[in-house]
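Quick mapping for you: the protein sequence lines, in order, are chains W and F.
Using our numbering, read the first sequence as starting at 4 and increasing by one per residue.
Using our numbering, read the second sequence as starting at 656 and increasing by one per residue.
These are computed hints drawn from the structure, not numbers from a lab.
Note that this is a predicted model, so its numbers are computed, not measured.
Using N, Cα and C, we set each Cβ at its ideal position, and we do this for glycine too.
You may find that some hints are simply not true.
[Unchecked claim] Distance condition first, Cα-Cα at most 20 Å in a straight line; then the derived EDC-like pairs of lysine to aspartate or glutamate:
no.	chain 1	residue 1	chain 2	residue 2
1	W	Lys154	F	Asp882
2	F	Lys1038	F	Asp1060
3	F	Lys884	F	Glu924
4	F	Lys675	F	Asp777
5	W	Lys227	F	Glu891
6	F	Lys759	W	Glu317
[Stated by the list, open to error] Only part of the chain W face toward chain F is listed, based on derived beta-carbon distances under 7 Å:
no.	residue
7	Thr79
8	Gly80
9	Arg88
10	Glu89
11	Leu93
12	Phe97
13	Gly223
14	Gly315
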Amino acid sequence: MTAPKLLSRLRYQVAIFLAVIGPGFITANVDNDSGGILTYSQAGAKYGYLPLWTLIPITLLLIVTQEMCSRMGAVTGKGLSDLIREEFGLRVTFIVMTLLVMVNVTNVMAEFSGVAISLELFHVSRYISVPLAAAAVWFLIVKGNYKSVEKIFLFGCAIYVTYIISGFLVKPDWKEAAIHSVQPKLMLDRDYIYMLIGLLGTTIAPWMQFYLQSAVVEKGITAKEYVASRLEVVVGCIATDVVAFFIIVACAGAIYSVRPRDIQTAADAALALKPFGNYAYLLFTAGLLNASVFSASVLPLSTAYSVCEGLGFEAGISRPLREAPVFYLLYTLLIVVGAGVVLIPGFNLVQMTLLSQVLNGVLLPIVLIFMVLLINRRDLMGEWVNPQWFNLVTWASVAVIIGVTLALVGITIRGT
Amino acid sequence: MADTLLFFTELMGMPVLDLKGRRIGRVKDAALVPLEHPSRIDRYLVGGGTAWFVVRHDQVQSISLDRGIDLSDELLTPYHDDEYMLRVGRDLLDQQIIDINGRKVVRVNDLTMEIHRQDGRDVVLVLEVDIGIRSIFRRLLQGALPTRWIRRLQESIPPNSIHWDLCNVVEPDPHRRLRLNISYQRLENLHPADLADIVEDLGPAQREAIFETIDSEVAAEALSEVDPKMQAAILEALEPEKAADIVEEMSPDEAADALSELEHETSQEILDEMASEPKTEVRELLEFEDDTAGGMMNTEFVALHENATALDALSALKGNEDLLENLNTLFLVDPEERLTAAVPLARLFVAPANARLKELASELLIKVPVDEHQDRITELFDKYNLMTLPVVDEDGRLAGIVTADDIISVLRTK
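Full structure from sequences and hints, please.
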């Protein structure tokens, strides 16, 4: 190949990579939502650097599941709920969608309470912050179009860098952190095992699979660009767990090194960073706010989209209200309920979060099994079906995720 | 609800009774044979024991909601091959079809059918495809509640259906398309922008099937309206020959835009298949960067000699009738083809036949070189309220024009 030809090929490849950026990054980053940040903070606060080793297997599991969705989206040009509907029928789809809405509405509540908590650290009453955030999120989608919304979401991903900076500001013990990142540490301690299950369990949520696949389709990524898209998914997953790493490290350095303890909210973690300078504290809090608002924008959108896709209603932010009434109704309801509940005085959010975890545990196995069944269908995937060896990896990963999720459900039910 | 109506969900699972009234199985699916009749349920697939049997429509005596299907003939054939069958449960239910009248893609929830008495036996005809909440409700409850209750309960939900004649089934496999008598001809009558919206909602295989079969001219118009990334995907998937046919029908600037999204080798393959005249034009346009005047412009303009009269202009227009729809400016060039003036078309109407075009020209001639950046061009359109902007090459020769719709596209994709 001649030099100019090579250059033109390279330029084409780079252009393709830039063209597919978005879905993978966004999905993986929303995973670090307020609930995720709390789990990572708790792990770091109580066990210091010990839990860091879990991040590598978590990243791998995340990549395996996300890769399947982006592949299915690129090859079939259809969303996951579309495919479930076409291959498994209306009744199954309806059950899956009902569960999805129930899980996600509790998730949205958790995100808005994340908004409330983080802004209360800045002395803003939740009665101001939550309605404002809800209105902003609503307008963003209703008035925006896919491209501008995606740009804003990608900007949201960039803000996660605050965690990396605050991780550095705490001046943790890097040597310890490095050792424990690669050295698995198992203890037969009940709380420690619970913590590990919690870390794994928060990583993969049902909505992610639906969102990622729809986003890949909406972006018009084709089977041909799929190689670039897969790279994007992998990089996105790694970036997400790099952020998780720094959250754990920050809490290990700030809380565990001083006095290991249980923390109740992500705000506790932020406050504990205060002695290490105002910046560390501010950045951690800003990160939490960003994560909450970001996830509160993506979740209702993704839910409304999947439901409408599966049940055959018009969907999509590029359509006007008149053409997609069910879509906008569902979207608005999710935000209003999610934000409204946080404002009810004395509402027990912890209970809701636990409920959400249980529902999640019921739904996730179903979704993952459907995914593996679908991706093995040659009539859908053609040459892109799972190779045999990868099927082993997939089933093994799915089995691990289901096992952990069910364990988390068990713990949750026993704990309440 | 009238008892002559039957929903497909109700037909599913209906008992099938032999001449003595013994149940021999239940309905597992039903099929149309479009080559024989466009809407009649031609075959009932009946599952009894481990095997499936085929009941032809002329073996059915009567069908009723309460009793099931009574046969008039018991010689049933085992079910094996379904080449000519459009199976409702498998091929239609839960799948996407095109609503020609509503100009959109919809998902089939159920079918409304009619039981029709003909020559002493019951024949079932498909009337409508059901979409919307009522049919979802019906399907979710079917089997859980008695059928009559469901019928009564659903009354309160407004129906949402599409007439069967106005539905277009999408089938990517060309052989099956032939056997099932599916054609996309009716899509050719849609507005290209509507057709573009429809194909954007379909999966890649269905999309390509449509572009493969419809008339190249319609395909070209629709393709121009499709999102550029999808344009590239569609062209890539088509045979280079068919792709070339479509690209030839596009205006040169749009063709160049579409091809520039493709990988170099693919766009060369398509260019090789094109007729020589459009090919050279597209090739030239492909040389320019997307976001410059050269990349934005098209070559569909009318240029006249600078000493031409209004009468000359009129005869020139008569020779370029295909351009008339979007034409609003004429250009004057000197003997070296250098651009000298622009004449707003409307001024011709009030000018005497022997008026010199030069005297009708705009006072200010605004033009840009081929490498001018699109942001600057947008600015010019805004500042001078332009409809058309001439683009000149390094020697000052008229190379093409940028029109307001190009600017709108640029602004929309920002």
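_Does the closest beta carbon of chain F sit nearer than 7 Å to the beta carbon of Gly315/W?_
With Cβ-Cβ at 3 Å, under 7 Å, it holds.
_When the least beta-carbon distance from Phe97/W to chain F is tested against 7 Å, hint result_ = holds, 6 Å
*Does the nearest C-beta of chain F fall within a distance shorter than 7 Å of the C-beta of Leu93/W?*
holds, 5 Å
*Given Gly80/W was flagged as interface, is its beta-carbon under 7 Å from a beta-carbon of chain F?*
Since chain F brings a Cβ to about 4 Å from Gly80/W, closer than 7 Å, the hint holds.
*Once the shortest beta carbon distance from Glu89/W to chain F is found, is it less than 7 Å?*
holds, 5 Å
_Can you confirm whether the C-alpha distance between Lys154/W and Asp882/F stays at or below 20 Å?_
This hinted pair holds, its Cα atoms lying about 18 Å apart.
*asked:* Next item in the hint list is Arg88/W. Is there a CB on chain F closer than 7 Å to its CB?
replied: holds, 5 Å
*Given the hint that Lys227/W pairs with Glu891/F, does the C-alpha gap stay at or below 20 Å?*
holds, 9 Å
*Is Lys1038/F close enough to Asp1060/F, meaning Cα to Cα at most 20 Å?*
Given that 20 Å is the threshold and the Cα spacing comes to 16 Å, the pair holds.
*Between Lys884/F and Glu924/F, does the CA-CA distance stay at or below 20 Å?*
holds, 19 Å
*Using 7 Å as the Cβ threshold, decide whether Thr79/W counts as touching chain F.*
It holds, given that the least Cβ distance between Thr79/W and chain F is near 6 Å, below 7 Å.
*Compare the distance between the alpha carbons of Lys759/F and Glu317/W with 20 Å, and conclude whether the hinted pair is satisfied.*
Satisfied, since the Cα-Cα distance of roughly 10 Å is no more than 20 Å.
No hint from the list above goes unmet by this structure.
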